[in-house]
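Between the sequences and the hints, there should be enough to build the whole structure, so can you do that?
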Amino acid sequence: MIANPKWFSPRKYTGWGLTPNCWQGWAYTLSFILLVSFISYLPINLVLKNIIIGLIVSVFLVDVFHIMFLLQKDERERLHEALADRNALLFMLGALIIYFLVKQIFDPWLLVALLGATLVKALTHFYLRDK
Amino acid sequence: MITKIKEYRAKQNLTQEQLAEAVGVRRETIVFLEQGKYNPSLKLAHDVAKVLKSTIDDLFKF
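Heads up: the sequence lines are chains A and B, in that order.
Using the working numbering, the letters of the first sequence correspond one by one to residues 1 to 131.
Using the working numbering, the letters of the second sequence correspond one by one to residues 1 to 62.
If you are wondering where the hints come from, they were derived from the structure by calculation, not from laboratory data.
Even for Gly, the Cβ is constructed at its ideal location relative to N, Cα and C.
Incorrect hints may have been included.
What the hints assert, rightly or not - For the chain B half of the interface with chain A, some residues (derived, Cβ under 10 Å), not all of them:
| # | residue |
| --- | --- |
| 1 | V25 |
| 2 | Y38 |
| 3 | F60 |
As the list claims (entries may be wrong) - With a Cα cut of at most 35 Å, we get these calculated DSBU-like pairs of lysine-lysine:
| # | chain 1 | residue 1 | chain 2 | residue 2 |
| --- | --- | --- | --- | --- |
| 4 | A | K131 | B | K4 |
| 5 | B | K4 | A | K73 |
| 6 | B | K43 | A | K12 |
| 7 | A | K12 | B | K6 |
| 8 | B | K53 | A | K73 |
| 9 | A | K6 | B | K37 |
| 10 | A | K12 | B | K53 |
| 11 | B | K50 | A | K6 |
| 12 | B | K53 | A | K6 |
| 13 | A | K73 | B | K37 |
| 14 | A | K6 | B | K6 |
| 15 | A | K12 | B | K11 |
| 16 | A | K131 | B | K11 |
| 17 | A | K12 | B | K37 |
| 18 | B | K11 | A | K6 |
| 19 | B | K37 | A | K131 |
| 20 | B | K61 | A | K103 |
| 21 | A | K121 | B | K11 |
| 22 | B | K4 | A | K6 |
| 23 | A | K121 | B | K4 |
| 24 | B | K50 | A | K12 |
| 25 | B | K43 | B | K53 |
| 26 | B | K61 | A | K73 |
Structural data, given as C-alpha cells:
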C-alpha cells in the first residue's frame with residue numbers, strides 16, 4: 001500500500017470512494033493525476049504509453065480499494081453506511097428493472113450483475129453468521 | 001433517548017474529541033450521542049460510562 005488510510009475519509013454525499021482529508025491525501029491524488037498527465041504527453045509509442053498508464057491506474061485503483069477496505073469506521077458510521085448503501089442498491093435495482101421492462105431488451109450482463117450481487121449478499125451473510 | 005453525556009463530560013473536563021478518542025469512535029458519533037440521536041451498542045455505552053466515571057443508567061435515559 002502506498003497511501004496512508006488516515007489521509008482519506010470515505011465519501012458520503014458524493015458517491016463512493018475516498019476524499020482526501022489532509023494535505024498528504026491531496027498530494028497523493030494530485031501526484032497520480034500529474035504522473036498520468038505527464039506520461040500521456042510523452043513522445044513514445046502509443047501502445048507502450050497506454051500500457052504504462054494502464055499499469056499506473058491499476059496500481060492506484062488497487063491502492064484506493066485497499067484503503068477503502070482498511071478505513072477505520074466506528075459502529076455508527078458502519079451502520080449509516082450499510083443503510084445508505086442498501087438504499088442506493090434498492091434504487092439501482094428498481095431503475096434497472098424499470099429500464100428493462102420499458103425497453104424490453106434482455107442484456108445477459110444484467111443477469112450476471114444480479115446473480116453476482118445475490119451471491120455476494122449470501123456469502124456476506126454466511127461470513128457474518130460465523131464471525 | 002436522553003443522555004447526560006455532555007454534563008458528565010464537562011465534569012471530567014473532556015472535549016468531544018478527547019472522549020471520542022478514549023472510546024474509539026469519531027467526534028461526530030459523540031455529537032450524535034449527546035443529542036440523543038444515536039443508540040449506542042452496549043459496549044460503546046459501557047466504554048463511555050467507564051471514561052466518564054459514571055454508569056450506563058446514569059448516562060442514558062429511555
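Hints, verified against the model:
no.: 1; hint: V25; verdict: holds, 4 Å
no.: 2; hint: Y38; verdict: holds, 5 Å
no.: 3; hint: F60; verdict: violated, 15 Å
no.: 4; hint: A:K131 - B:K4; verdict: holds, 34 Å
no.: 5; hint: B:K4 - A:K73; verdict: holds, 24 Å
no.: 6; hint: B:K43 - A:K12; verdict: holds, 26 Å
no.: 7; hint: A:K12 - B:K6; verdict: holds, 27 Å
no.: 8; hint: B:K53 - A:K73; verdict: holds, 25 Å
no.: 9; hint: A:K6 - B:K37; verdict: holds, 27 Å
no.: 10; hint: A:K12 - B:K53; verdict: holds, 34 Å
no.: 11; hint: B:K50 - A:K6; verdict: holds, 27 Å
no.: 12; hint: B:K53 - A:K6; verdict: holds, 30 Å
no.: 13; hint: A:K73 - B:K37; verdict: holds, 18 Å
no.: 14; hint: A:K6 - B:K6; verdict: holds, 28 Å
no.: 15; hint: A:K12 - B:K11; verdict: holds, 34 Å
no.: 16; hint: A:K131 - B:K11; verdict: violated, 39 Å
no.: 17; hint: A:K12 - B:K37; verdict: holds, 18 Å
no.: 18; hint: B:K11 - A:K6; verdict: holds, 31 Å
no.: 19; hint: B:K37 - A:K131; verdict: holds, 28 Å
no.: 20; hint: B:K61 - A:K103; verdict: violated, 54 Å
no.: 21; hint: A:K121 - B:K11; verdict: violated, 46 Å
no.: 22; hint: B:K4 - A:K6; verdict: holds, 31 Å
no.: 23; hint: A:K121 - B:K4; verdict: violated, 39 Å
no.: 24; hint: B:K50 - A:K12; verdict: holds, 31 Å
no.: 25; hint: B:K43 - B:K53; verdict: holds, 15 Å
no.: 26; hint: B:K61 - A:K73; verdict: holds, 26 Å
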